[in-house]
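These protein sequences, in sequence, are chains A and B. First residue of the first sequence? That's 1 in the working numbering, and the numbers climb one at a time after it. First residue of the second sequence? That's 1 in the working numbering, and the numbers climb one at a time after it.
Please note that the accuracy of each hint is not assured.
Stretches of chain A that chain B covers, calculated by requiring three or more beta carbons in the stretch to come under 8 angstroms of a beta carbon on chain B [unchecked claim]:
| id | segment |
| --- | --- |
| 1 | 76-86 |
| 2 | 91-97 |
| 3 | 184-194 |
| 4 | 307-317 |
What the hints contain is simulated information worked out from the structure, not anything from laboratory work. C-beta: ideal position from N, C-alpha, C; glycine also.
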Amino acid sequence: MGIAVSAAAQAREHPPIGTSGPIGWLRANLFGTWWSTAVTLLLGWLLLRWAWGLIDWGVVHAVWTVPQTPQGGPDPARCRALQGAGACWAMIGDKARFILFGQYPYQQQWRPALCVLLFIALYGVSASRRFWRRELGYLWVLVLAAILALMWGGFAGLPFVANDQWGGLPITLLLSTFGLALAFPLAVLVALGRRSRELPVVRLLCVLYVELIRGVPLISLLFMASVMFPLFMPEGMNPDKLLRAQVAFILFAAAYLAEVVRGGLQALPKGQTEAADALGLSYWAKVRLVVLPQALRLVIPPLVNTFIGFFKDTSLVLIIGLTDLLTAGKVALADPVWTGFAREVYLFLAVIYFAFCFAMSRYSRGLEAHLAAARSR
Amino acid sequence: MTSSPLARLPAVLLIAGLLPAAAAAQGSGSATLDAVRGRGQLVCGVAGAVPGFSLPDSQGVMRGLDADGCRAIAAAVFGDANKVKFVNLSTENRFTALQSGEIDVLIRSTTWTLGREANLGGLFAGVNYYDGTGFLVKAAAGVKSARELDGATICVQPGTSTELAIADYFRNNNMKFTPLLIENRAELESAFLSGRCDTYSTDSSALATFRATQPKKEDFVLLPEIISKEPLSYMVRKGDDKWFDIVRWSYFAQLTAEEEGVTSKNVDEQLASTDPNIRRLLGTEGDMGKALALDNKWAYYIVKQVGNFGEMWDRDIAVLGVPRGINNLWTKGGLQYAPPLR
Numbered sequence: 001m002g003i004a005v006s007a008a009a010q011a012r013e014h015p016p017i018g019t020s021g022p023i024g025w026l027r028a029n030l031f032g033t034w035w036s037t038a039v040t041l042l043l044g045w046l047l048l049r050w051a052w053g054l055i056d057w058g059v060v061h062a063v064w065t066v067p068q069t070p071q072g073g074p075d076p077a078r079c080r081a082l083q084g085a086g087a088c089w090a091m092i093g094d095k096a097r098f099i100l101f102g103q104y105p106y107q108q109q110w111r112p113a114l115c116v117l118l119f120i121a122l123y124g125v126s127a128s129r130r131f132w133r134r135e136l137g138y139l140w141v142l143v144l145a146a147i148l149a150l151m152w153g154g155f156a157g158l159p160f161v162a163n164d165q166w167g168g169l170p171i172t173l174l175l176s177t178f179g180l181a182l183a184f185p186l187a188v189l190v191a192l193g194r195r196s197r198e199l200p201v202v203r204l205l206c207v208l209y210v211e212l213i214r215g216v217p218l219i220s221l222l223f224m225a226s227v228m229f230p231l232f233m234p235e236g237m238n239p240d241k242l243l244r245a246q247v248a249f250i251l252f253a254a255a256y257l258a259e260v261v262r263g264g265l266q267a268l269p270k271g272q273t274e275a276a277d278a279l280g281l282s283y284w285a286k287v288r289l290v291v292l293p294q295a296l297r298l299v300i301p302p303l304v305n306t307f308i309g310f311f312k313d314t315s316l317v318l319i320i321g322l323t324d325l326l327t328a329g330k331v332a333l334a335d336p337v338w339t340g341f342a343r344e345v346y347l348f349l350a351v352i353y354f355a356f357c358f359a360m361s362r363y364s365r366g367l368e369a370h371l372a373a374a375r376s377r
Numbered sequence: 001m002t003s004s005p006l007a008r009l010p011a012v013l014l015i016a017g018l019l020p021a022a023a024a025a026q027g028s029g030s031a032t033l034d035a036v037r038g039r040g041q042l043v044c045g046v047a048g049a050v051p052g053f054s055l056p057d058s059q060g061v062m063r064g065l066d067a068d069g070c071r072a073i074a075a076a077v078f079g080d081a082n083k084v085k086f087v088n089l090s091t092e093n094r095f096t097a098l099q100s101g102e103i104d105v106l107i108r109s110t111t112w113t114l115g116r117e118a119n120l121g122g123l124f125a126g127v128n129y130y131d132g133t134g135f136l137v138k139a140a141a142g143v144k145s146a147r148e149l150d151g152a153t154i155c156v157q158p159g160t161s162t163e164l165a166i167a168d169y170f171r172n173n174n175m176k177f178t179p180l181l182i183e184n185r186a187e188l189e190s191a192f193l194s195g196r197c198d199t200y201s202t203d204s205s206a207l208a209t210f211r212a213t214q215p216k217k218e219d220f221v222l223l224p225e226i227i228s229k230e231p232l233s234y235m236v237r238k239g240d241d242k243w244f245d246i247v248r249w250s251y252f253a254q255l256t257a258e259e260e261g262v263t264s265k266n267v268d269e270q271l272a273s274t275d276p277n278i279r280r281l282l283g284t285e286g287d288m289g290k291a292l293a294l295d296n297k298w299a300y301y302i303v304k305q306v307g308n309f310g311e312m313w314d315r316d317i318a319v320l321g322v323p324r325g326i327n328n329l330w331t332k333g334g335l336q337y338a339p340p341l342r
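Using the sequences and the hints given, assemble the complete structure.
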């Protein structure tokens, strides 16, 4: 009898295999009804077909290397013979360094490569909450200065490389990192200014700034910076093209970020500022210790959304003749040796863009979860 | 009507800008040449994305007919063809870059037209490529002439001079056509390949390049009619005639060298030549370089380091499968003609 009881107890401990575990999950979510089963099978079949097509094209039939022509250039005949049935990764092999670093002198391309690594390391360190203290600000200034110094060179035996020869991934990272790093403080000031009751002129200026910038597309702002601006300058005086684009980007990003930050400021209960006032905090102490930490926490999702959008918007510098990652890819495609292999190039670019954007969005989710946990404690 | 202070502002800025330029102009008589020498580098505006004309290779080095034209000018000025900075320009900002002094010379497959020369403050210094709108058809279609294209669907990029040229041509000949407009060149070409249009129309140089990169180029035929004139030219700012001379004669020197059979390979032997034309070209006789405010061996440096016009053509254009055609020397039935270098 004892045995029977324990068997029954075991039966209670382990529910029937069809209602729990992976199989139970499948039954509940994918094969619950006839309708659901049909949709699952159809989508599964499409997914498999698509995945198989991708593997077949990208791996099985792909060409990884091509022989050299007698002149020393690559001979794309093997790729062309595929007629699109397989990927021509040999093209990426030939063009990767150009796509990543543009017209930076070939022998010196370890410098932009190192800069990209520095950028990624800087992001990594900044993302780790262990390093969130005052020194991180100094580290940013230091690393960004080091990156610029390394790109320009002109010291310690490194040949000087003018910034019109920079291109590819470093340009994309430079524009977006400097753009966001400088636009963010400006955005906070503009958002505060727009909410200011005591300073009507400042408020008016902030409103004007935000509405003017938001009223025109980024592309026209870039055109203004690159086409109109030089005409107003005396002949021969040309502020650097990259700098002009960078300033246009900062102004543009700041206007959008300011509105995001203002959203956070508005969502903050009035009691918070009143309590800070009651403690006798000065305006800036109130903003720094009470308002911003709470307001910014509220707007992490739209902030990251703006960051990601802005990161991709840097590709618009194409129209003013700067060679960012996307432009470098397009220029690589214009090479008659490799025309027609657009899919490979765009896939390569998409993977790079995706890696950065996905890392940003994953990180923001982690940060939100952490901050939410902190609040519920 | 009196001018408002605001309307006078550009003039004031212009004068303020010209003052330092005028002060510097006492050197060679050319403000641009002095500026180029002062900075030790020629700043040359190119497209940077057009195969055959200016396109960086896999190592990032600018290649093409336009890029080599820039190198020739640098060789003439400095005796060193590598002292060039290439500035990539879009079709939108190319003229501003020239007007504002950002570049010294614009060599960006720019068509020479009256409107541009009269309105944009620029001078066209020489035609390095005579291009024109052409038609490419599939050989299987059996079309032999553009006159047989009545009712055809034509693949063309929107907003280009090609589109206007086609409309003019078909209206003149009382024919009808359906345009298939696609902005992106690669998509346009795949539309043509997949048979969505009967013919693909753009500059004949681009058509020849496209044909040459196809797996079986015999499947495509370039129709004999060229329906528009697109003389692609060097461009400099108005108001600096000495600089204009240097740019124009750097190009003429390359043509003269080809005509006289002087190449980068044999130029050192040709220094001993007794032919007065070659002696004047290479600076062993006369003061041709001095007249341009350059070294007398200016043309020697050009030919030695960049080559003559035919060598440039073979290196940059012929490899794309484009026939020399009207771009041949006048002695060989083409349009390329240099005035006497004496």
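How the hints compare with the structure:
For the segment 76-86 of chain A, the stated coverage by chain B is satisfied: 3 residues place a CB nearer than 8 angstroms to a CB of that chain, which reaches the threshold of 3. For the segment 91-97 of chain A, the stated coverage by chain B is satisfied: 3 residues place a CB nearer than 8 angstroms to a CB of that chain, which reaches the threshold of 3. Only residues whose beta carbon comes within less than 8 angstroms of a beta carbon in chain B count, and the segment 184-194 of chain A has 0; fewer than three means the coverage is violated. With 0 residues having a Cβ less than 8 angstroms from any Cβ of chain B, the segment 307-317 of chain A misses the three-residue criterion, and the hint is violated.
Hints 3, 4 from the earlier list are contradicted by this structure; the remaining hints agree with it.
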